[in-house]
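Going by this note's numbering, the sequence shown opens with residue 1, and the numbers climb by one from there.
Simulated from the structure, these hints should not be mistaken for lab results. A virtual CB, placed ideally from N, CA and C, is assigned to each residue, including glycine. Where hints are given, some of them may not hold.
[To be verified] Calculated lysine-lysine pairs in the DSS-like style (CA-CA distance at most 25 angstroms, straight line): (1) K164 - K119; (2) K103 - K129; (3) K189 - K201; (4) K189 - K156; (5) K131 - K196.
[What the hints assert, rightly or not] Label pairs and their in silico Cβ distance ranges: (6) I89 - E67: 15 to 21 angstroms; (7) G216 - A137: 32 to 38 angstroms; (8) K111 - L90: 21 to 27 angstroms; (9) K189 - E87: 56 to 62 angstroms; (10) D10 - K131: 30 to 36 angstroms; (11) E161 - T139: 36 to 42 angstroms.
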Amino acid sequence: MSYRILIVEDEEDLADLLEFTLLKEGYEIIVKNDAKGIRDILDGKEIDLILMDRNLPSVEGSLLIKELRKEGYLEPVIYITAKDKEEDILEGFDRGGDDYITKPFNLNELKARVKAVIKRSKKDLEIIKYKDIVYNASTKSFTVAGEELKLTSLEKDLLLEFMKNRNVLLSRDYLLEKVWRDSGEKQYKTVTVGVKRLKDKLDPTGEKNYIKSVRGEGYIFC
């Protein structure tokens, strides 16, 4: 499996070096020289790691990561930055970083850190968190605000599919195939009822609106 890394670095020479080095290691690479459009990339593609410079033209990189964490983006992050004071490093971790590399750095160290963070993040997938919803793979259980949800097996599969595809429009055809495992006759009413039952269990008061219906299109978990 080829992991995909998003490099956010405004120094083009360094961005090119990072891309060249990591492509040789077998990773897929996306490069951005500024912060514009990052959410679109994270929503549209599965990103396994973000390499983030802190000194971007339009935003301080760690503040951007802090905002992304608040919005539910959980991709692991390694900062690559010239900010090398102890308080800078602590600040980076406090704002959602998983590792911190200061410039200048050794490329072999970079490769080792990248490999370690991705490996660690894949183990962490046993616990999936989004907002106040937590899925525990070892017990196949879900909690909302610390309270365990009583879900059927199908409802668990449906919620897990939504959590893996947050902020992505999922069509009824997609859900029929992935959750109901039925790509034949289109039983759209089955999907509609199943999603409604899940919404009622997730959010009995209707205040949080985790799952939004898009008329004629499908559903977005957000």
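Each hint, compared with the structure:
1. K164 - K119: holds (18 angstroms)
2. K103 - K129: Violated. K103 to K129 sits at ~32 angstroms, over the 25 angstroms cutoff.
3. K189 - K201: Holds, at roughly 18 angstroms.
4. K189 - K156: Holds, at roughly 19 angstroms.
5. K131 - K196: holds (20 angstroms)
6. I89 - E67: 15 to 21 angstroms: holds (20 angstroms)
7. G216 - A137: 32 to 38 angstroms: holds (34 angstroms)
8. K111 - L90: 21 to 27 angstroms: Given about 25 angstroms between the Cβ atoms, the range holds.
9. K189 - E87: 56 to 62 angstroms: holds (58 angstroms)
10. D10 - K131: 30 to 36 angstroms: holds (31 angstroms)
11. E161 - T139: 36 to 42 angstroms: Check failed, 18 angstroms falls outside 36 to 42 angstroms.
When held up to the earlier numbered hints, the structure conflicts with 2 and 11 and fits the remainder.
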